[in-house]
Amino acid sequence: MAFQTEFALFWESVKESMAQYTFAKLTLAKTIGDTELKNIYMRPVLVDDQVRISLIARYKTEEVESFHTLDEAFFVLSSYMNNPFLTALLFTTENDLTFKLNKKRIGSIVEQAPTFKSASDVVLEMKEKQLSID
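Residue numbers (the working numbering): 53 to 186.
The hints are simulated quantities; they were obtained by calculation from the structure and are not laboratory data. We treat Cβ as the ideally placed atom computed from N, Cα and C, and that holds for glycine. Take these hints with a grain of salt, some might be off.
[Said to hold, decoys possible] Calculated cross-link-like contacts (lysine-lysine; reagent style DSS-like; alpha-carbon spacing at most 25 Å): (1) K169 x K67; (2) K179 x K67; (3) K155 x K169; (4) K77 x K179; (5) K67 x K82; (6) K169 x K181; (7) K156 x K90; (8) K77 x K67; (9) K82 x K179; (10) K155 x K82; (11) K181 x K77.
[Said to hold, decoys possible] Simulated DEER-style distance windows between Cβ atoms: (12) N154 x S131: 15 to 25 Å; (13) N134 x E180: 34 to 44 Å; (14) V162 x K67: 35 to 45 Å.
I would like the entire structure built from these sequences, with the hints used as guidance.
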C-alpha cells in the first residue's frame, strides 16, 4: 500500500523517541465506521529488566494486552492501519506526531507542540537503568 512508506517514516520517529527517552505514548485511533476495535495503545514495559512493548487493544466490551519487541510491534500496528484505523498519534516530550490517512488512503505526518512534559514512567526508569529497547 502507498501509505506504508509514510508509516515506516513515522515509525522511525517512534524508535527515535524510545532511544532518546522522550516517548510518552502512542495511540491508534479514528476507525473506519463502527468497529468492535476502538483503540490500540502502545507503551513500553519492563519484564525482568528487558524492555518490551505492551499493546492494549480496546474493544467495545474488553481489553486485550499483548507483549512484543519494538520491531514486532511495528508489524502488528501497521497491519491495523487502514483496517480499521486512519490515525496513529505519537506523543513525546519534544513534539506530537500524527500519522493520518486521507480518503484516498495517502499517508501524511503532522507535527505539533508536545502534549506531555515528561516521558512515560517506564521510559524514565529505562533511562535511569540505562536500558535500551531491542
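Against the structure, the hints:
{"no.": "1", "hint": "K169 x K67", "in the structure": "holds, 19 Å"}
{"no.": "2", "hint": "K179 x K67", "in the structure": "holds, 15 Å"}
{"no.": "3", "hint": "K155 x K169", "in the structure": "violated, 33 Å"}
{"no.": "4", "hint": "K77 x K179", "in the structure": "holds, 16 Å"}
{"no.": "5", "hint": "K67 x K82", "in the structure": "holds, 23 Å"}
{"no.": "6", "hint": "K169 x K181", "in the structure": "holds, 21 Å"}
{"no.": "7", "hint": "K156 x K90", "in the structure": "holds, 22 Å"}
{"no.": "8", "hint": "K77 x K67", "in the structure": "holds, 12 Å"}
{"no.": "9", "hint": "K82 x K179", "in the structure": "violated, 32 Å"}
{"no.": "10", "hint": "K155 x K82", "in the structure": "holds, 13 Å"}
{"no.": "11", "hint": "K181 x K77", "in the structure": "holds, 20 Å"}
{"no.": "12", "hint": "N154 x S131: 15 to 25 Å", "in the structure": "holds, 20 Å"}
{"no.": "13", "hint": "N134 x E180: 34 to 44 Å", "in the structure": "holds, 38 Å"}
{"no.": "14", "hint": "V162 x K67: 35 to 45 Å", "in the structure": "violated, 19 Å"}
Going down the numbered hints, you'll see the structure goes against 3, 9 and 14, while the others check out.
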